[in-house]
Amino acid sequence: MTNSIEELGSADVLLVTGSNTTETHPQIGRNILEAVDGGAKLIVIDPRRTDLAKEAHIHLNLRPGTDIALINCMMRIILDEDLADDLFISMRTENFIPLRDYLHRLDLDELSATTGIELKKIHEAACIYARSSKSVICYCLGVTQHSCGTDNVQAVANLAMLTGNVEKKHSGVDPLRGQNNVQGACDMAALPAVLPGYQAITDSAIRDRFQAVWKREIPAVPGLSLTEMTHSGKDGAIRAMFIMGENPLISDPHLSRVQETFENLDFLAVSDIFLTETAQHAHVVFPAASFAEKRGTITNSERRVQLCRQAIPPIANCRPDSEIIMELGKRLDCPGMDFESSDEIMEEISLLTPIYGGMHYDRLEQSHGLQWPCWNRDHEGTEFLHKYYFTRGKGQFTITRHQEPAERPDRTYPYTLVTGRGSYHHYHTATMTRNSKRLVREYPEALLEINAQDAKTLQLQDGEKVELLSRRGKVRITITITDRVQPGTVFSSFHFFEVPINQLTTSVMDPKSKCPEFKVCSVNLQKVKHD
Amino acid sequence: MIDLQEMILEKDRLIPLLRKLKKESRLIAPVTNKHGDTLLSEINNIDRDTIDLDRQPQNSLKSFFLPQQEILAHYSVDTTGYNFTAPEAAKETIYFGVRSCDLTALLYMDLIFSKPAKDASYYDRRNRSVIITLGCNDPFANCFCEATNSGPYLDYGYDLQFIDLGSSYYVAAGRRKGADLLNKWDYFFRTVEEEDQKIRYQLFLEARGRFNRNIQVSHACHKLQEEEVAETIWEKLAGRCYDCGGCAYVCPTCTCFSVDDMAIDDSHGTRIRSWDACTSSGFTRMAGNHNPTDRTRHALKQRFLHKLKYDYQKHGKASCTGCGRCVDICFGGVDITTFIEMFTRDAS
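Read top to bottom, the protein sequences are chains E and S.
Residues in the first sequence are numbered consecutively from 4, following the numbering used here.
Residues in the second sequence are numbered consecutively from -6, following the numbering used here.
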């Protein structure tokens, strides 16, 4: 997030796109609703009528995969209405003219038809967003999990820069991170092309700095992304894997390909707090300690590094992941794998990671955490990003063009399947939540949301089981008839291993981010015939 | 023996008195831990565990009398059939520094667990308890106990009630066990002077004027007897409810529970009672997926009507004690005060 979470509560306009915030980020959802109660305007872009969309002043229920067309349409309206922030554009951005000329060539009615939303509604939303100087955009995986995910994000950035709604308090662009510490994992370079603190692995000066401490040569070539690894296939380059706290045999797209990869690995080790579906395929399983059994930090969406204290000693033979890695490292003759504690690990992080330069345990202990960038001990952390200048200097406008999702509905597969998280009660592959009896009681089985109109056409009753098929596989799933989805679109979660919805999803991914298109694939529904 | 009903305890004598009391029973009091959380907790070392009477404990008395999870019975199976053994008996416990709202809630729980028959494990703990309350001179940010007739001072129900007069406590006995304590430890106390009475009365008046929030609880109770709540209000509230159950768990009067048998092995197990919440759809769901409550529209209906309408009909008093904990915990901002404000504001 460029903003802090608390800033959302005092924004005047909140544009939430591709995020079911109240269900998936309750704390942030609360701030958004507080702003709404205080008189702020809420615009929600989502193909589904989520609880948050019901609270919105304007709900833009676009056809899945048409985000760029919608944002371009909004930007063109902003130009036509003379609501662009010319001063901001000239002072803080570059490459505006090509975007402006491109937008002027677009046909508004055509864009509106592409999105399936009437132009009047888009017009109203664009004006509300552009007229306020305290407008915030929150986005989540509904924006990124597309074959054009990177361009979707660029379009959102264009919109914010066009109206000068960045670089100050109460306005910015806020990706909401999907796990408690996914921000921290990225910060620590659980990404293929960077070293901790987003320092490029291709930069030899940076590599030298790390090599001096790690006493190991660091490869200059970026590694593979997750989907590239799990989809490497039968004769792929990946021969062995060590997986920590991830369950790709449920969570990755086009599961038959993932299965093929896993079945042909020479060696698989998994470290997790429960025996996941992926761990069941492992040659070696390490029982890992949970958050409550270890000390360390968690970095949340607003870049806040928070100290998490150990509440109980590890149960039975469980050990913190860091210890498991160090023990493995020692056996592999890797130098420097003898950290006494997470405190010592943080000492190295602050040494090698400029944005974490001022993150010291004694400071974190005395506060509710510090927000990076935090350059040194005297730095108090950063409330919002891009004050005075963007990371790269000037903000760059880049033209984004609408492109259709990899799969479009056709006669064989006439429905669009959107996947995501299903409720408050389960989290991702439900590794943890299905071990809670109460949560299982509240949400016992996978459900497919379908519009009443489609259910009628298919002669389906609420609670009936259907066969859901795509070009890649099929699952059997119970339907729930609801107005949350539009006709032609169905929605399901990926929480239940009995209904592995990712058997159906496509392996097409964004060429730059390598993020799979989890949000759109074509499916068909068939009534289950009883004998 | 003189029946001592009201006495003065100089503040310097508090710890010495509690030290004596702790020798005879378990002592529970509000303690602020090193993470800054104030909780009613067992005092293990009266010199090290600093009792904090300035902050509201995050937990109420509920968890001590109806634990979040408790063993109702152990069972074993052999050739003769099932054998049940009762869990360990409760210990004599003195609760010190309990707020008026929380004692009022306990009196309500006494009622709930007395019919149709007395709940054995609840009353085992209750009968072995002594409750010493502390009147609130300075109500906390979200409190509204005056509107629910459960504070800031109490007229009855306590074993002992402490009122902070500045350098001393005005201590009143409300029940036999409290009077017995005053008698037993009479040398710690002095008699009440007219001046003490005057200060106490003044503090009470001032405390009543210090509430941040003016919640129209009795107006809501009356109005609920006469009219239905608009569907739009229920739907608005349900749309904002995150189904976390936080309100029910922090509430001192929410007593919904579930009972599960947990097998340890083929021939042994335990019967466990744990907190539940009427706001959860699984709590009311029946076979064949029938559910009298539609969560999407009525998630909070039972919760609020139970407290403000049904209990008012049954007992003449709402079963909300104005402690304000649900206000602090609710993610969606749809606590009972939101409901009362929406409902009483409604022009209809």
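Simulated from the structure, these hints should not be mistaken for laboratory data.
One thing to keep in mind: the hints can contain errors.
[Claimed, not checked] Under the rule of at most 30 Å between Cα atoms (straight-line distance), these lysine-lysine pairs were calculated in the DSSO-like manner: (1) K459/E x K229/S; (2) K137/E x K229/S; (3) K307/S x K440/E.
Looking back at the numbered hints, which does the structure fail to meet, lowest number first? Result: hint 3 breaks, nothing else.
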